[in-house]
Amino acid sequence: MFKRPHYIALVAVILLVLILFRLPAETVSRFKLAVGGFFLPLFGLAGSTQQLVAKTGNAIVPRGDLVRQNEVLRRENQQLKILAQQSQEASRENAQLRQLIGWQKTVPWKLKLAHVIAHDPANWWRTVQIDAGTRDGVQVNFPVLTVEGLVGRVSSVSSTRSQVILLGDAQLRVGAVISDTGTSAHGRETGVVTANASAPLENNMVTLSYLSGTSSVKPGQTVTTSGEGGVFPRGIPIGKIFDLRKVDYGLSTEARVALFASMNSIEEVWVMFPENNAAVSGTPSSAIKK
Amino acid sequence: MNWLNPILILLAALLAVFFESAFAGYSNLLLAKVDLLPMLMVYAALTHGLFTVVTLAFAGGLLFDSLSANPFGASVLPLLVIGLFIYYNRGLLLRQNTNAQFFFGLFASAAAPLMTLLVILALGESPLLGWGSIWQWIAMTVVGGMLTPMCFRFFDRVKRSLNYEPVAEQNSFHPDREIKRGRY
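These protein sequence lines are chains A and B, in that order. For the first sequence, the residue numbers in this note's numbering are 1 to 290. For the second sequence, the residue numbers in this note's numbering are 1001 to 1184.
It should be emphasised that the hints constitute simulated quantities derived from the structure, not laboratory data. Ideal Cβ positions, reconstructed from N, Cα and C, are used throughout, including at glycine. Treat each hint with caution, since some may be false.
Unchecked claim - Going by beta-carbon spacing under 8 Å, a handful of chain A positions derived as facing chain B: (1) 6; (2) 7; (3) 31; (4) 46; (5) 75; (6) 76; (7) 78; (8) 83; (9) 122; (10) 129; (11) 201; (12) 249; (13) 266.
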């Protein structure tokens, strides 16, 4: 049945795969990104086609509509400028107060816009590829969000693109907080956002685990990042409590959280990175006493 | 050896993985992502040599894993096993029959994700699995099966248009009109 060259080819392939499995994670990640480079021309082609279609669409829009839209955006821009000035003033005041009471300074974060170029082709992972890499200052573990809320974090980076693990993937856990629950002394309840493992079809739902058994969390309350864990800054909106159930014989509570960011249709994301672009370590915006 | 066909199949594998990841919008309707590589493997194993089967398993698997969070190489062995199984049994199979092609596609599309998951779990990873995964598996299997005969039609057409085919000679010779000489 088998001829000698067949044996050699088969054994070579199996050996190569076994070697790949045994390689260090960093080397494998580089190999992955190198092989993924074969897709770059295709991604480029798809991107240019989309741009062309968008341009054609823009050309069809009547001039009157564009002028009206421009006027609305100009007004919105002015309002946002005023808000930004106010927030700058507030952050200056915040920094002064922190200095007065001896709290650690918060690290300011910058945002970089990136486009989603590919989704994970496997059903059992939630990852996407974005068109920003090390040349744009992106590093592993940088938080990724949309205007609606948190999306995930960067898991591997090449020079031109990065892989982002999305909320809902089994590999991503995020420290989360629900403010004003009235349960604890600080009026906030903490938990960990994990994958909604029992329902992989619900892309926009995650599980908030490790809430206390006496939790008074209610559906509709907002879940934000707690800043614990050192990857995500505090206060990024994640989603709203959808429903709750007691687990571990009533010792703890688990909640389903409906995500703010729509995972089914993400096209543009913002990568957050520290202004000085140093590695993200510690809790940049959480208040830790010196 | 004709190099055009293996190259065409590898190119198709590249395009298939690109399509799966760049145009994932259909998965919102189907609630599952369809893997096109098992279907290509069925075609390669039934119509090409072992070299094409092994190359497709290796290159296709690595291309798939490069865009996925799968451990690198996890998709290679399942594709190879499916390809070899069909290749070594193809003498017994009706490869030109549409129904047979559908069932091979069904078998390959069902087996590939299961075996890949086994490899992933054996490597200690924790993929997202639940009751909904059964629906995803069924959707992958059925769509993969339905697309396999189309894959055969498409490649046959491409092969016909790109490969050299000898032109049948026009002459007036008919064997039934041959005058036989000598003793019978």
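Hints and how they fare:
{"no.": "1", "hint": "6", "result": "holds, 6 Å"}
{"no.": "2", "hint": "7", "result": "violated, 11 Å"}
{"no.": "3", "hint": "31", "result": "holds, 6 Å"}
{"no.": "4", "hint": "46", "result": "holds, 5 Å"}
{"no.": "5", "hint": "75", "result": "violated, 34 Å"}
{"no.": "6", "hint": "76", "result": "violated, 29 Å"}
{"no.": "7", "hint": "78", "result": "violated, 36 Å"}
{"no.": "8", "hint": "83", "result": "violated, 35 Å"}
{"no.": "9", "hint": "122", "result": "holds, 5 Å"}
{"no.": "10", "hint": "129", "result": "holds, 7 Å"}
{"no.": "11", "hint": "201", "result": "holds, 4 Å"}
{"no.": "12", "hint": "249", "result": "violated, 22 Å"}
{"no.": "13", "hint": "266", "result": "violated, 11 Å"}
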